[in-house]
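As you go down the protein sequences, you meet chains A, B and C in turn. Just so you know, the first sequence maps onto residues 1 to 250 in the UniProt record's numbering. Just so you know, the second sequence maps onto residues 1 to 253 in the UniProt record's numbering. Just so you know, the third sequence maps onto residues 1 to 266 in the UniProt record's numbering.
Incorrect hints may appear among the rest.
[What the hints assert, rightly or not] Simulated restraints on C-beta separations:
| no. | chain 1 | residue 1 | chain 2 | residue 2 | range |
| --- | --- | --- | --- | --- | --- |
| 1 | C | Glu122 | A | Arg85 | 36 to 42 Å |
| 2 | B | Leu72 | C | His145 | 50 to 56 Å |
| 3 | C | Glu196 | B | Lys148 | 32 to 38 Å |
| 4 | B | Tyr207 | A | Glu38 | 37 to 43 Å |
| 5 | A | Ser84 | C | Glu194 | 44 to 50 Å |
| 6 | C | Ala31 | B | Ile93 | 54 to 60 Å |
| 7 | A | Ser12 | B | Asn240 | 56 to 62 Å |
Since the hints were made in silico from the structure, they are not lab data. These numbers were taken from a predicted model, which means no experiment stands behind them. Even for Gly, the Cβ is constructed at its ideal location relative to N, Cα and C.
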Amino acid sequence: MRIYGHKLPAMSSLLLWALLWEIIGQTGATFFVPPLSEVFVTLFKIIGTPAFVTALTETAQAFLAGVFFSIVIGIPTGILMGKSRLLDELLLPWVNIFVSAPLTALVPVLMVLFGFGLTSIIITTTLFGIWIIILNTRAGVRQINRSLVEMATSFGASPLDAFVKIYFWAALPEILGGVRIGVIRAVKGVIIGQLLISIVGFGALFELYASNFLMTHFWAVLIVLFALAFSISEFLAYLERKVAYYAAKR
Amino acid sequence: MIHRSLLLKILSAAVVFGAWEIAGRIPVSYAFPTFLESMDSLLRMTLDGSIFHAYAETLKPLIVGVAISTVLGIGLGLWIGLSEKFEWLFSPIFIVMQAAPLAALIPLLVMAYGIGLTSKVFVVCIMAMPVIVLNTSSAVRNTPESLKEMGRSFLAKDRDVLLKIIIPAASPVIFSGLRLGVSAGFIGAILSELKITPTGVGDIISYSRSIADYPSMYAAIFSIILLAVLFLNLLEKIENILFEGNDRGYVTD
Amino acid sequence: MSQTRQAFDDAQPSDQDIAVSVRGVSKNYGAVEALKNMSLEFPRGQLTSLLGPSGCGKTTLLKIIAGLLKPDSGEIIVNGKAVSGPGPNRAFVFQDFALLPWASVLRNVAFGLELRGVPRSEREAKAEKYIRDVGLAGFERAFPHELSGGMRQRVGLARALSVDSKVLLLDEPFSAVDEQTRRKFQEDLLALVENENKTFIFVTHSIEEAVYVSDQIAILLPRPSRVSEIIRPTSFRTKGVGNIRRDPEYLDIVDEIWASLRNYVE
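Let the hints inform the model, and build the full structure from the sequences given.
Right, dumping it as structure tokens:
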């Protein structure tokens, strides 16, 4: 979008929406939408409070652990599936099912099996993130140019060399793409887990604010959460763009 | 090699269900029934019809929500993809929505719209719509320029370019957005049944958990995952009928 | 090298020094016979083309010589030793260049040496020399996607030269570059054959290219794959690169090859 020949920054329309929000809030049209300015005032008030800090640490712990397991299990599984036809045929149907299955239905099971604590939330987060990482890594390994592998072989590369110097780098754009989507899904997973288990992290905080009708508090936490999620996703997209120059031609 | 792949699928299912059965027999946990017990429960619920009543409830918000998301999402996506102004105005909202854990809005939706169908439809919509909008708009934006030029050089009207070139060219990505949207919709539907009010399948899951009837709980979960898989396969069939020769699009989110 | 080995063809002098010989090689892909009992010899220091219609197994043969594929039967002898896999005495130039897109020209050229464990400074010094030799001085820090097709193949060539193998295997190396670049490459290749004491095995589907660059042309025919003919141009090699294409012998050989191949082209 251009105005008088100047290109407007991509996300700049959000300012316009923020303004609209403020106006609706000021008119008091609905109780559920307090003015944005008030939300921000509240935001700075609660951001240092123990309740908020606890929620954030609990969430970050579960999220980071979940992402860690998704990556550490997901990438090797994906590479193995990409290289071994037998393994691929055995596992792919299940990965395809779980990548699009309503994983929320599994949360009650996890609660029964692993209790109402951190473990269940970590597993939920991992379950949300891991499948797409596996699928993308697999796709990345499968599309590696045969002649790159042959080139390395013809110069006498050992299997380890081939893996470190060819496979990993050649599949990196897909792997990063998978990790980005996996991480976005993990953010959703960690929040869904907390909402359903609802006595930890932001889940508890939302419950508290909602039951006390603290609208500005509710929105403030929501904005922090959205901003964090968006920053994480943009950061990973930035990493992905750094390897994009060779993604199209391998 | 269809034979081999079918054989391996059966083998793979046998391994997983076998492991489930064995883990249930050990048992790894008091709350871990065997595969056969769960299937028995499923059969019982199917025979007495309770599972059908449950799905009649569950599918209501799901189908309404998915339908709204599809129509509105594709419409908005086309609009955003075709107009730079609308892209500037609307796409940031959907980009943020796509990255954000929108489930956090549920407590608010419940306050605003109560615990009825409206809230649940809303949950399904906010989960399903962003990816449909974003996939549609980026597919429309990325229609190969040469195809559009070809159309214009053969004197196609704008309407023809849209209907006969842009939409068919974008259809694989639009459908992959729909698949992702539908699967997110399922997540939303179950989430709302577990979080807002227990109805339908969510009710079976919650209720059987509370009375420790674990086989029924696992059976209900098994059935909803199965249903999601069948639903997505159906969508793929529809795509193949509507747009013959579409290659399967890549999963992008 | 064995001086007494039976010469492959009467066109070939019996005291020829043979660098690479293919003995009774067969290769099947499932039910498809890619190569059937093929034998062929490649004289040292010369360029031999493998020419034939698609499906005649020329690339398969080249990859077997490289050790990238295993023959079902038969053997490959390079400098008196049987080949059991890829080895340092052969270097491969790929049709699609096979450059690492995430690595600079310098690292790409040095990559063969890197895999052989040559220390960084040494391999980079060597790579820089060959980058200059192929005419890419100044592009050491560039990435493959910043180069034209012709320049990319020069990188591939420099990489193959830098490992200093005695045998160079070229798999349709110029088929992905444009016509003018290709002509330049062909001239450069002739100079390379002249100056480097290496044995070149060159797969191509272009008759003109084969006749232009080769000391010896092996015509391969499909179904079943076999060597139908060995042609050794004699008179125009020494007349200078600019005159080859209008030499009567050159034109005759091109015509003759086309006459024998035309029935095999779908």
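Return the numbers of the hints above that this structure violates; sort them in rising order. 2, 3, 7
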